[in-house]
Each structure stands twice: as structure tokens, then as C-alpha cells.
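Position chain B relative to chain A; hints supplied.
Protein chains in written order, with this note's numbering: chain A, 1 to 144; chain B, 1 to 687.
Keep in mind the hints are simulated off the structure, nothing from the lab. Among the clues, some could well be false.
Computed from the model, here is a short list of chain B residues facing chain A with C-beta under 7 Å [to be verified]:
1) T189
2) V194
3) F198
Note that the Cβ used here is the ideal one computed from N, Cα and C, for glycine as well.
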Amino acid sequence: MFCRLGMVPVNMILTRSLCMVQKAGNQTMTDYQEDSMKTELTGVATNLSGDWTMSGISNQVPLLMAISSGIGGGIPQTNRLVVDCSGIKQIDMSGLQLLYVWVQCLQIKGLRAELVNLSDCMRSTVQKVGLHQFLGPSQDTVIS
Amino acid sequence: MSADLSQFFQVFFEESAEHLAEMERILLSIDPHAPDEEELHAVFRAAHSIKGGAATFGFSDMTSTTHTLESLLDRVRHHELGLTAEMVDAFLETKDAIAMLLAGHRDQAPVDLAVVESACGKLRSIEGGSLAAVQIVGTAAVEPDAGSVATGEKEYRILFRPPADLFIRGVRVEPLFEELASLGELSITAQVAVPEDFATYEPEQCCLSWEMVLNSTSSLEELYDIFMFVADEDEIEIQVIEPALKQAAVPSCGLEPSEQKHTSKAAEAPPTLESPGRRLYDRDETAPNAFGRRPADGTEATSIRVGVSKVDQLINQMGELVITQAMLAQTAQQFDPVLYESLHRGMALLQRNTRDLQESVMSIRMMPISFIFSRFPRLVHDLAAKLGKQAELKLVGETTELDKGLIEKLADPLTHLVRNSLDHGIESPEERRLAGKQPGGTITLRAAQTGGRIVIEVIDDGAGLNRSRILQKALENGLSVSDEMADEEVWQLIFAPGFSTAEKVTDVSGRGVGMDVVMKNVQALGGRVSISSESGKGSRVLVSLPLTLAILDGLSVRVGDEIFIVPLNSIIESLQPQPDDINTVSGNTTVRVRGEYLPLLRLSEVYRIREAEERPEHAVVMIVDAEGEQVALLVDELLNQHQVVIKSLEKNYRKVDGTAGATIMGDGHVALILDVGDLVHLWRKGL
Chain A
1 MFCRLGMVPV NMILTRSLCM VQKAGNQTMT DYQEDSMKTE LTGVATNLSG DWTMSGISNQ
61 VPLLMAISSG IGGGIPQTNR LVVDCSGIKQ IDMSGLQLLY VWVQCLQIKG LRAELVNLSD
121 CMRSTVQKVG LHQFLGPSQD TVIS
Chain B
1 MSADLSQFFQ VFFEESAEHL AEMERILLSI DPHAPDEEEL HAVFRAAHSI KGGAATFGFS
61 DMTSTTHTLE SLLDRVRHHE LGLTAEMVDA FLETKDAIAM LLAGHRDQAP VDLAVVESAC
121 GKLRSIEGGS LAAVQIVGTA AVEPDAGSVA TGEKEYRILF RPPADLFIRG VRVEPLFEEL
181 ASLGELSITA QVAVPEDFAT YEPEQCCLSW EMVLNSTSSL EELYDIFMFV ADEDEIEIQV
241 IEPALKQAAV PSCGLEPSEQ KHTSKAAEAP PTLESPGRRL YDRDETAPNA FGRRPADGTE
301 ATSIRVGVSK VDQLINQMGE LVITQAMLAQ TAQQFDPVLY ESLHRGMALL QRNTRDLQES
361 VMSIRMMPIS FIFSRFPRLV HDLAAKLGKQ AELKLVGETT ELDKGLIEKL ADPLTHLVRN
421 SLDHGIESPE ERRLAGKQPG GTITLRAAQT GGRIVIEVID DGAGLNRSRI LQKALENGLS
481 VSDEMADEEV WQLIFAPGFS TAEKVTDVSG RGVGMDVVMK NVQALGGRVS ISSESGKGSR
541 VLVSLPLTLA ILDGLSVRVG DEIFIVPLNS IIESLQPQPD DINTVSGNTT VRVRGEYLPL
601 LRLSEVYRIR EAEERPEHAV VMIVDAEGEQ VALLVDELLN QHQVVIKSLE KNYRKVDGTA
661 GATIMGDGHV ALILDVGDLV HLWRKGL
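In isolation and in its complexed conformation, chain A is listed as follows (with noise of 0.2 Å):
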């Protein structure tokens, strides 16, 4: 059900334009579910969408954890992803604990995740809860 990913190399990655890198993306596209709540992969861009509250996490882990295990084998050389939030409808406090663990669990992996498109709302929260040191510094970056 899951597609082995087809890495975009690094160096385009941090030489290119992000719009550049979603196209190379479009090419190993892969939708995990239907639209209403779907994580997608464009590249080493990944998208998240759909609802992060209490009563969707347990969808996203599954797919997280793909992400995880597709970018370790895909491309052992980088260190950067990026993770568009631009697609999250709603999240709460399990979400947030979710996604800060995914990406320390990347990180010893040896990937830094940068969380970019944060919904206002999103963002309130994040510094609200105390969590807006883990969540990267580019988080104002537009991937279009």
C-alpha cells in the first residue's frame, strides 16, 4: 500500500527553489488517504493535512512513520526536511506532542524537520503551550 519513495538528491533540495522541488515531487506523489485526511509526500517536502486532534492522530501515525522509514533509506545524505503544515484543519495539544515527537525521533535519526506554513491559529497554540522553541526556526518559509 505504501510506495517506496524516490528521493529528490539533496543538493537540489538546498540549491533549488521550493516551487522547483514540488515539481520534482509531483513525480512520486503518493496519497495515503482520502482527502479529508491525508499526509503527502512531494519530494523531501512533505505535506500534512487533515485533522491532528485527539480523534485523528492515530491516522497520522501510520503515515508518519512511513515518512520516516522512506526518508532514512531514501536519502542518507540530507539533513533537511521540510514539513508543510499548511494542510493541518485542526490540532490540538496530542497533535503538537505528536509531531515535536516525530521530529526528535528524526533528529536522532540525524534529520532536521523544519515545520514551514503554520496556521495562525496553529502557531497561537504552539507558543501558548510553551513548545515554540521545538518547532524550528523557519517556520514563516512559503513553500508555493
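Below, chain B without anything else, positioned relative to chain A:
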């Protein structure tokens, strides 16, 4: 598992309304000069429960308003401040503001933020003024310490280690942090225990903890209270950081890896100040019912909340069961009791069980009338102050129970009556002194069950109704009146639409849109309103209502070919009169019963029934109680005792005077249920 807290909103709204009502009840009865300790604690507990719930559900406006109230209450109950009448008024005003905020969240009702701010401002002003006074005393006694005494600000280090099931319980921590932030300058750092392998991660388990630094004037106890509903004592740790320790205690921005934090924290943490712990009442109050809190093992709830629609559905089904049982009983009568003994025994058992079940079901809907009465002390308190009058309210029979549907619809009419009594009935202190009365008047609200009805009286010892003024006003309004009218008829004039004798229209009364609305509302409930009054001594308004709107015990009687149900509790006795007992006085027939002459009411005449027995000595006379008056009802035959389900005639047909509705008999026929009081009114009109 869903973490949607909105499913608990209704419970929060209902409980908060109860807490507010309790708060108001106590505040109105409390003596500012000698307040009862337990009452002060009770008011505080009520405010505290509302605040905790509001914080849990994210109603920050309610949280902050209640917090302001609670702060002052806390100081009063700990004798830091003395209770004053001004404080009680401010508490009541704030209670109203919280009720308005509650209505805003519950019903999307408009909220006047100016009122809320005004109430909070008064509390702050009272507390601020008192605080200044206390600080002056304190400064004289204690050496001031580098400005911190001047502001009263302290630095707290808060460690919050929630349990692993925090998410599963649906607890939201954001409102807690918001509330903390509202108390002062707050910095929060979250720590997460990250598993070594993501595959072992359990997403529904909370592995977060928080370390916070707060600069605030709030007390340690207030901070603990914020966590009351989400954390046990061992999950929250609050330390006051001494100035010398500040540098060491403030957490650095760059956090260590969380795993290390968890292992080293116990050894490195500065000594914890002794926790004040929760007071006994806090435990009692929060343990089983608190929102998002795990019930303690072995704790059993003593009540459950059930939607009214479910209860109504149960009552409807009960009604159908009663009808079915009656039909079966009627059918079973056709079988020989000897040959079919077990059938008849089973039917008797079914009847008894049905009756027990019906009584149990009906009792679910019954509520004490104190639900309405409890609002009047405040109303009288406020209105008397507004009108410059002195009045005492006496409540009698508060435990009298009546149907929930009636209670809800009775509130407005009774409010009108009490306001009228205070505005028009009770005189000003000067007028009362001149009349030789005590300067303070008394309004009595009395409820009692009389027969099959609930009788509620609003009695005042004021000036009484002004007969000549009412007649004059009625004449001006074009009503047909005469000086010969009986007092009872004159008093009934005030129920005419638009009738008012008030000299001037105020926001209290005088617009003439009160009593007619009262009459209409009460009549819509199957009730009646009557007035008695004596000049200079006061007035009494009597509201009579059916006990319940669903099922009653009745006796079926035959008149001609028609069957009627007479409510059992209206019947005093039945007898067959002798010819000598029947007399005719001025065209009206009377029956002599043990030396008393009672008017004879022929049902056949009222409902124009042919072929009914005309001669009382050949029929049966039922002596019935029509709201205190005894009347003899002439019927052809007594048939059987039934438990009948009241079906609305208005809904299914049209209003039939003198009846309380209709019912379906065991054989499928429809019988009218008599409303004896209304029937007597109808009969008198026709005389």
C-alpha cells in the same frame, strides 16, 4: 476517542446556573455584620466551581470575571477583609454579570460587556481600597523589601506534570495557561519525554510536562486553584522563588534534552515549599463531578442528568401503557373469573405494577416549587430598594412539588404578581406608619397541594385594591361596570387587557400589560386566578393549577349516554338523596347534606345532554370540592375508577369549557375529564 468538550457544555451550563442560584440565595440571606463562616465558604465554593468549569471549557470571559469575584471572596472568608453591605451588593451584581455571560455562551444571548466591566470594577475598587489599607498597616509593622512589598508581586516557579491520560480525559490545558497569563507575566516551557523509537510511541498518552515562571500578585493558593480541575496534588508543584534564588531558579531558554531533564530533575530541583494542599471542601466538590477529572475508585454518582425530552418520551409511553392496560382489563372482564382465575390474577398484578410504574415515572418530572420561589428574595430585595420601600418576603411550602412543565411556565406570572404586590400593594414606610402599620411590609408566597391541584398564593399586607379607583378606571376604559358589582367581580376587572390604575407608568409596572398576561398564562396551564382584597389590610392572589399534565386517577360517571371522568381527588363523597333533601330556592336546586344546603349542578344542563335522569332522588349526587367550595354534581350512574391519561383537547379538537381534557377509555371511547372548578365557573355564568 473524541476529545470534544462541547458535549459537556450543557452539564456545565446547568451546574453553573445552580451554583449562581445558590450564591444568590446565600448572599441575600447573609448578615454582613455577622456573616456565617460556612455560608461564606459556600459562596466561594460556588464561584470557584464556576471558574474551574469555565476555564476547562475555554470560556475565558467567565473565568476572569469569576476570578475577580473569587479573589475578594477569598479575602473575606479568610478574615483579611470584613464583609460589608456594599460588598454583598457588588457580589450580587457580579453574579448577575456572570449569569449574563453564561447566557451568552449557552443561548447566544447578547452580553453587555459594560455591565460586566462595571461589576468587576466595583470588586476591584473594593479590594483595591482595602488592600491599600492593609498595606499601610503592613508597612508600619514590616521592613519594606526592595519594592516587592509595594506591588505585592512574587515570582513563582510552577512545575506541571500532568498524568498520561490527560488527552484521553479531554482536558484542555490552553485555558489554564491563559488564566495564568492573565495573572501576570508568564513564561512557559514545555518538555516532552521522547521515546527512542517512534514505533513505540503511543499518541494518546501525554508525555508532556511544563515548567513555568510567573510574576504575579496572586497568592499561592490561587495558583493551585487554577489547576484544581485538571491535576492532582502530586502533579502540580508551585514554589515561591526567593529573590536570592531567582537567578538560579529561572529556567534557561535553551532546554536540555528532555530525557535528561526527567532523570535529573528530582535531584536538582530546589526544595519545594510545603504545599498548602486542598481544603476538605475542595476534595469533596471536585472529586466525582469535576469536568475532565477521573472519578475516584468506588465513587458512585447519586444522580444523573437526563434530557427532558427523554423523560417526556417515557411519560408518553407510560400513558400508552396505561391505556393498553385499561383495554386489557376491560376485555378480561368478559371472561369467567372462576374459569380464568390466573388471567384475572395476572390482570390484577399488571394493574398494580402499571400503577407503581406510573407513579415512579411521574415523580421524575416533579420538581419542588423552590425552583421558582428562590428567585423572589433577590427580586424583592432589589425592587424594594428601587422603590424606597421596606418589604420582607416569606416563603411557605417551598418543597411542594409540581410538574416541571408547569414550573417553567409559572415563573413569569408569579414574577408579575410579586412585582405588583410590592409596587402597588405595599405602601411606603411613611404611609404605613400613618396607617398604624409597621414600616416594613410583608409579602407571603405560599404553595400547597390541595386535592388534585396546586394552589399558590401571593399575599401582601399592603393597602389592598382600591375599589372605587378600579371602577372609575374601568369606566374610563369603556368597560361595563356598576357600583352594585360584588367585590369579586370588581377585582376581576384588573385582568382586562390594558387595565392599570397606576398614577404613572414606571419600568416596574403601570403599563397595564401585567395581570391579563398572568391570567392568560395561568389559563393556558389549565389554571385559574382569583383575587381577594380588603382595603387597608392587603390582597391575596390565588393561582390554582392542576397537579400534573399527564395522568390522573378518576371516577367514570354516566350522564345520559355520555361518560365523564371526575378527578378522584375532587370527590368528597357520593350519595343518593332522599326527596326531602332536595329544595328549590329562587329557581336554584339545592341538596341538603348533613344539615348543609349545597347547590346542585346538573351536568346534563351544562352540556345539554338528553335522556339524562332529571330527578335527583333517582340519580347519584357527587359532592365535589371546587377550590374550597362544595358543590353537588348530579350524574346518572357511577361506573368505575380509572387511571386516565390526559389528552389535550385543544391540540386535537378545541377547548371545551369545564373540562381538563379528554381520555381514551379501555373500550376505545373518548371521555371528557371534568375540571370541577372551571365547571362551577361555567355553570354560574349560565345561571
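Results for each hint:
Interface restraint check: T189 (chain B) against chain A, minimum CB-CB distance 5 Å, threshold 7 Å, status holds. Contact between V194 (chain B) and chain A, as hinted, is supported at the beta carbon level, the nearest pair being about 4 Å apart and thus within 7 Å. The beta carbon of F198 (chain B) comes within 4 Å of a beta carbon in chain A, closer than 7 Å, and the hint placing it at the interface holds.
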